Amino acid sequence: MTSEHGTTITERLDAINEFDRDPVSEEHLQGPGNFIGFYSGEHVAGTEFVIGPLFVAHGVSAGDLILGLLVGNFLAVLSWAFICAPIAVRTRLNLYWKLRKITGPRLLFLYNIVNALMFCFLAGAMISVAATAVGIPFNIAMPGLNDLYPNTIGWVVTVLLVGAVVTLLAILGFKQIARFSKVAAPWMFLVFVACGIAALPDLGVNSLADFWTVANEKIWTGVPVEGRVHFTFWHILFFAWFTNMAMHIGMADMTILRYAKKWQYGFFSAFGMYLGHYVAWIASGILVALAIQNSSEIAPGPIAYLGAGLAGLAAVVIAGWTTANPTIYRAGLAMQTITPNWKRWKVTLAVGVVTSVAALFPALMMRLLDFVALYGLVLMPMGAVIFADFWLLPRLGLRQDYADWKEIALSWPAASSWILSLAACWGINAAWGLEIFFLGLPGWFLATAIHIAFSFVQQGAARRSPQESYAGGNA
Amino acid sequence: MRHLLKASSLVGLGMTVVPAFLVYSGALTWDTHVALMAVGAVLWFATAPFWMVKENATHRTTEQ
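Protein chains in written order, with our numbering: chain X, 54 to 528; chain Z, 10 to 73.
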């Protein structure tokens, strides 16, 4: 498995990430306000207009939703604070460089490609969300909850136009849009709140005492739409916990939290979880109940219009656009490793085309819960590998960052951990019917155990060798 | 000037969310609520960028 560094792939990856190679220095550390702002903005996005309604479609009851979100989001915050943040502030490295030391550059290349594809589909869902708002003034029929394929010419044209604009803006000014999205975040959150509150009287809520009755009888009724799995407390808990699985136990937010002065800043993720993944999901659930009552279209644009009129439409477009933009940009960076001679604009254009075509399929938006779960699950094992490598291998007398130390291009324990844990998750799903929302938990433990076991095998020979010292190799 | 911009932004946010509570209490119609929200949005985006935007290192970079 050992090979020299300096392969073409390695050079491509390193060139792209060159400026981020060193650990964050003391003077660049950020205070709490930046993290509060970041997490609040990141998790109040256009997709919240889809997730809340999908909970309603899956027939969750009001009690299960309120309690499930409360506990699930709490577990997500703990995952950021106790799993991701401590490693981020100790290494001060981004995910790319930390993973590279453990997996070797070739495996990291594969990870980047998978990541880029996932980003394309995620951005596609965001473009679909924005398109549902853009189409309203032109009276274009929106896809329904059960639509999987593009069903009208109007939808196709709208999506392609939105995709073209988003791609063009991503090419012209990623940083400006990133700043704009920070400005939009507080306003967008309040639009969610306003939509939910203003819809309540039409549902029959005229006092606080009415809310719980209406919530159970008209909003989260416990009866799923035909063809949808019935969601219980456990579905909601695990979905809320693992919505951002790639970010917390998957360790992608090392890139953010390495700027934190203390590991405790991981707790600031609570602002994103409880504003976006609690209040916004509940508000959008209220809106979809009103849409069902009025026999209106059930898509993000129409339901936002029901609650907030033009401001609601603007919120859906801005939310979809500002979250699709960085996602396309990140996908472009990852893709650039395959096309090193292409200019950045050309790569972003290619990614934008793939994303826009994906966005044509409403399945991506209407099955967003499943896609989000899959996205997290696929990337999560590498987070488990980092966790095992950082905390557990040194305690077992093994070396951290073994691939870096031995100049291995592809770490087979890490690769095996990734592939076998996902295969095991698939097996669990096939054999026992455990749904995808629940697979992240056993998958994480499996990935951790496999990486430890195979690291023992890999490093066993080296440990017995008198020429190779293990002292001082661990951070 | 900065204080004036901040105050205008806050008014914009207020116009975004307060009318919804007035609709809930029956003191405002839905039409007025959405009109005020639209004005609030314009006010927010016309003023907030001038005092909110600053360089910030804590954005995701290249790799994830």
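Derived by calculation from the structure, the hints in this document are not laboratory data. One or more of the hints may lead you astray.
Unchecked claim - Stretch-level coverage of chain Z by chain X, calculated; a stretch enters the list once three of its residues show a Cβ under 8 Å from a Cβ in chain X: (1) 13-27; (2) 32-39; (3) 43-51; (4) 55-61.
If you're wondering where the values come from, they're calculated on a predicted model, not measured in any experiment. Note that CB positions come from ideal geometry on N, CA and C, so glycine has one too.
Hints versus structure:
Against chain X, the stretch 13-27 of chain Z contributes 4 residues with a C-beta closer than 8 Å to a partner C-beta. That satisfies the three-residue criterion, and the hint holds. With a threshold of 8 Å between beta carbons, the proposed coverage of the stretch 32-39 of chain Z by chain X holds, since 4 of its residues qualify and at least three are required. Counting residues of the stretch 43-51 of chain Z whose CB falls under 8 Å from any CB of chain X gives 6; the rule of at least 3 is met. For the stretch 55-61 of chain Z, the assignment as covered by chain X holds, since 3 residues bring a beta-carbon within under 8 Å of that chain's beta-carbons and 3 suffice.
Hint check: no violations occur; every hint is consistent with the structure.
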